[in-house]
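**Student:** Chains as they are written, first to last, in our numbering: chain A, 1 to 191; chain B, 1 to 327.
The reader is advised that the hints may include incorrect statements.
[What the hints assert, rightly or not] Partial list, computed: chain B residues near chain A (C-beta under 7 Å):
id, residue
1, 13
2, 17
3, 29
4, 36
5, 38
6, 96
If you are wondering where the hints come from, they were derived from the structure by calculation, not from laboratory data.
From the three backbone atoms N, C-alpha and C, an ideal C-beta is built for every residue, glycine too.
So you can see what is in the structure, the chains are spelled out below.
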Amino acid sequence: MTDIILILVGAILVNNFVLTQFLGLCPFMGVSGKVETAVGMSAATLFVLTLASACSYLVFQYLLVPLGLEYLKTISFIVVIAAVVSMTEIIMHKTSPLLYRILGIFLPLITSNCAVLGVALLNINQSHSFAQSVFYGFGAALGFSLVLILFSALREKLALCDIPEPFQGAAIAMITAGLMSLAFMGFSGMV
Amino acid sequence: MPLSLPMLTSLLTPVLALLGLGLAIGAVLGFVAKKFRLESDPVVTRINDLLPQTQCGQCGYPGCKPYAEAIAAGDVINKCPPGGESTISQLADLLNIPALPLDESYGQPGVKKVAFIREAECIGCAKCIPACPVDAILGAPKYMHTVIESECTGCDLCIEPCPVDCIDLMPLEPYTTPIKTVEELNNEEILACINCALCVDECPVDILPHELYWACRGNDLAGAETLKLMHCIECGKCDRVCPSSIPLVEYYQAAMQSLNTQQTEKVQAGNAKQRFELHQQRMETLKIEEEQRRQKRAELAKKGPQSQTKDTILAALERVKSKKKPN
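All chains, full assembly: derive it from the sequences and hints.
**Tutor:** Next up, the structure:
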């Protein structure tokens, strides 16, 4: 039980995938314009990451290891992730078509969100068990959601402020992200 | 080097393993796709609800719903002159895309207009009645017509069918108030809000005046509404304590006014949509009835044109005879 809590805290705060390991920056900058969209993206990523880390663990342990094909792990993980993302896409198109439209290209791009592949590969590297893998993926997604939603709330406020012209748009977003990253560095060494 | 059997098997295992994986995944995806098949696009309804429902066709589509469908399929959002900037910004907000300026080749935004029939010149031809998409013209053949002003959307579709040109489009006098708009206030030289929250302690109705100010300043009407904009009683206490002397109440008034206009427009659009749907139903039934009458006449004509005409001739002769008798 303690190791699972440690994994969760570690993945959410200490080794936050976005702000400490700098994985998954594309959606972090791309869909953080509005809190509503950010929440949708977080939900999609949460679903994909948890499911993908579980599936890739199963594929690795029960397909690749018995056949001695460990060297195929990157390719097969990408296939598994792509499948989970397509499934999410189909389900989301049915259940919340507006969100599907708003997320647009960023939804299929979860496939190439390096945080997803990163979690699957790190699970193997750190020889996690099945439960640990699932919670590691879940924690990574929670950490991603946390910073994405915080960042989008900040950007919503920023949109109303008097920002000097050279800093408008992406520049101030980058600076904000940098400051957030600095703040998250404060958690290092906690676990 | 010739291919040996162990080499072949070592090649075959990865290929077969990946093939199996792919097949399994394909099966799962196929099942999910079948289970979550999409029947209709609910986004169209959401877009349609934002359009002004004038059914004027200035966008090049026959009505607001077809344009909503076109937007959902990827058309640009700046083709609606009656909606103007406010509709465009709401659409941009809904679809999370940048707002474009109105494309003026589709028409000038201008002021709201209503049709007016110069009643002395109306000949009662009733040609304008089916043309009106929201059934806002009242009248019957050979009687004078008039326009129900509150229902008219100013689409100008009745102008063209009128044979005597007795319909004018009159601009509705815009309702003017001395309240400044948010843009005018933003252009004024105002010191920045420093979030000191002195106004929060003063507010008698417990709203967060500084937060509300940010929302109003950014024209975020939905945000202002959730921050209880409508609870403001305009007492001006926040104004007096503000160290930056920001005209807070003027901002709230401006936001309230645009929110009110937006809401009235929404109600009007809802009415127009309902009337348009009823109009379409009516036209449909009229068409079917007309078709039935035509068929009936055709059948009668086919049955016995001679017997019928003979009958009428005989009846006429009878009448003449009966009239002549007293002489």
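**Student:** Hint by hint, say whether it matches the structure.
**Tutor:** Tested hints:
1. 13: holds (5 Å)
2. 17: holds (6 Å)
3. 29: holds (6 Å)
4. 36: holds (4 Å)
5. 38: holds (6 Å)
6. 96: holds (4 Å)
Of the numbered hints stated above, none is contradicted by the structure.
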